[in-house]
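Okay, here's what each chain looks like letter by letter:
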Amino acid sequence: MAFINKHISHRIGICECARCERDDFSVVKQLSQLPKIKAKSGFDRKMAAAFSLELEREVSQKNQAWLRKSRGIRLPDLVSDFRREFL
Amino acid sequence: MNGSNVTALQKMSDEDVMEQLQNGVVQAFDIIVHRYKDRLHNFLYRYTHNHEDCEDLVQETFLRVYRSRYSYQRIAKLSTWIYTIALNLAKSMYKKKQRMSLVSIHADESDPDDRDFEITDSSILQDDELHLKNSVNELEKALMELNDEFREVIVLRDIQQLTYEEISEITGTAMGTVKSRINRARIQLQEIIGDYVNSETF
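Protein chains in written order, with the working numbering: chain A, 1 to 87; chain B, 1001 to 1202.
The following block holds chain B by itself, in its conformation from the complex (with noise of 0.2 angstroms):
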């Protein structure tokens, strides 16, 4: 394939790209990798909240999308069809990491002297960027502190700015149940953050 065709190919739609990848045309596959690279760091990122893990599952996700690109129909959106595996991916090395975790050496709580210790300087308040970066760094936790079903609803709606019938096709939930879990997944967050994260500060 010449320069001309892959020109062509980046004025493709997603769908009619992962066609031509379908008929064999390799260039296929780097135009979705382009096009999906940043999104599905920004999705699995706050997912798994590790880079090394976060590019690993991005990694994985376009070769499970070169795998099964035959199972692949026009029905669904691609984005969505990719957003699915991306998901699936990382809640089996989420259930991993959780078997994992159950035999690796954890902080002995009741022990004084083996626990973590957050240390706090009230003095970095004053700097209103470092008062971001907090904001920044205890949304971010909060999220994390979500139960899993609300944590990838809350970020595919409000961080991925997906509608909730992909969000319902990704996730294989009823539209309502979607529906319900944001609300309640908003609620449950802003109940987390408090009024420490000022809204003014963004």
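Just chain A, with the same shape it has in the complex (with noise of 0.2 angstroms):
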């Protein structure tokens, strides 16, 4: 039974045995081997600017919630009484 057991799992592939980890099969090798792809030079920068705009809409929305929560303010009341004082 056990016999039958470990030759069923090899033959699907599932058993420890070095064939179904790695070793018959070359193109496990080749694989290993395929050139690696890494990030470009621009990608740091690209990055770096979407990450700031990520920032600012966490922000925006946090503004967003306290003003909902404090419902006396509203912020275009605000801007405008700014223009109306001082430009």
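By construction, these hints were calculated from the structure, which means they are not laboratory data. Quantities reported herein were computed from a predicted structural model and do not represent experimental measurements. Don't take each hint at face value.
[Unchecked claim] Taking lysine-lysine pairs in the BS3-like style, the calculated list, with each CA pair at most 25 angstroms apart, reads:
{"#": "1", "chain 1": "B", "residue 1": "Lys1077", "chain 2": "B", "residue 2": "Lys1091"}
{"#": "2", "chain 1": "A", "residue 1": "Lys36", "chain 2": "B", "residue 2": "Lys1091"}
{"#": "3", "chain 1": "A", "residue 1": "Lys29", "chain 2": "B", "residue 2": "Lys1096"}
Both chains come to you apart, so use the hints to assemble them.
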């Protein structure tokens, strides 16, 4: 019975033998030797820009949430009062 | 945060860096990007086979990592969590592209004047370097011919060198299924490339 189980698990590739692990497949070696794809030189700059937008979005969301909680205050009123007084 | 604190972050494990990010240390995000950008490019390129899509996906993965930072718990390795996000994004992008291709204009295969031509030049095979490049191309093309389930496990195992346990967690699949898929994918890949890719050329 154990032999049959081992045979079946080998046939479907879920046993721990060398064949099922990797050794018998030349394709495994070839895959591990495929050239490594790396991030392009401009990626850090693009990522930093996207992240700073993300931080801005987060701050704006927090502000909106604060305004929703403090119902008496509205940003447009504040801005128009500021314009009327100072501009 | 000053320079010495950034140096301290650089020495921390991935999971500790993530904890710092959860505590509001924004510089921790840069450390995570630095550690994972190449790994994710290598992984997602094998999935998308397109540099532009790949870069967009890597960027989106990092943004999702930031947005979902509070949902990460130390019971999982950070790498597993990040790969899971990346794989899910890649899958949804693939689905979106499939939907779009339904309305795109394809070449009419019945029309002899409207099809792609493959021009082969046997003389290039005399050059070892070009032969190697062709072999790599063949292998990458063969990878793209595998179905999604096979491709994701074989890329995670044989290219990214992750463990079966990690792959099982990332794909949300039982370990036995992962092993079986990897084995079947290798057999299928070997069949697709046949003897064109000679291992001696690597």
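Hints, one by one, checked against the model:
no. : hint                  : result
1   : B:Lys1077 - B:Lys1091 : 21 angstroms, holds
2   : A:Lys36 - B:Lys1091   : 21 angstroms, holds
3   : A:Lys29 - B:Lys1096   : 33 angstroms, violated
Checked against the numbered hints given earlier, the structure breaks only hint 3 and satisfies all the rest.
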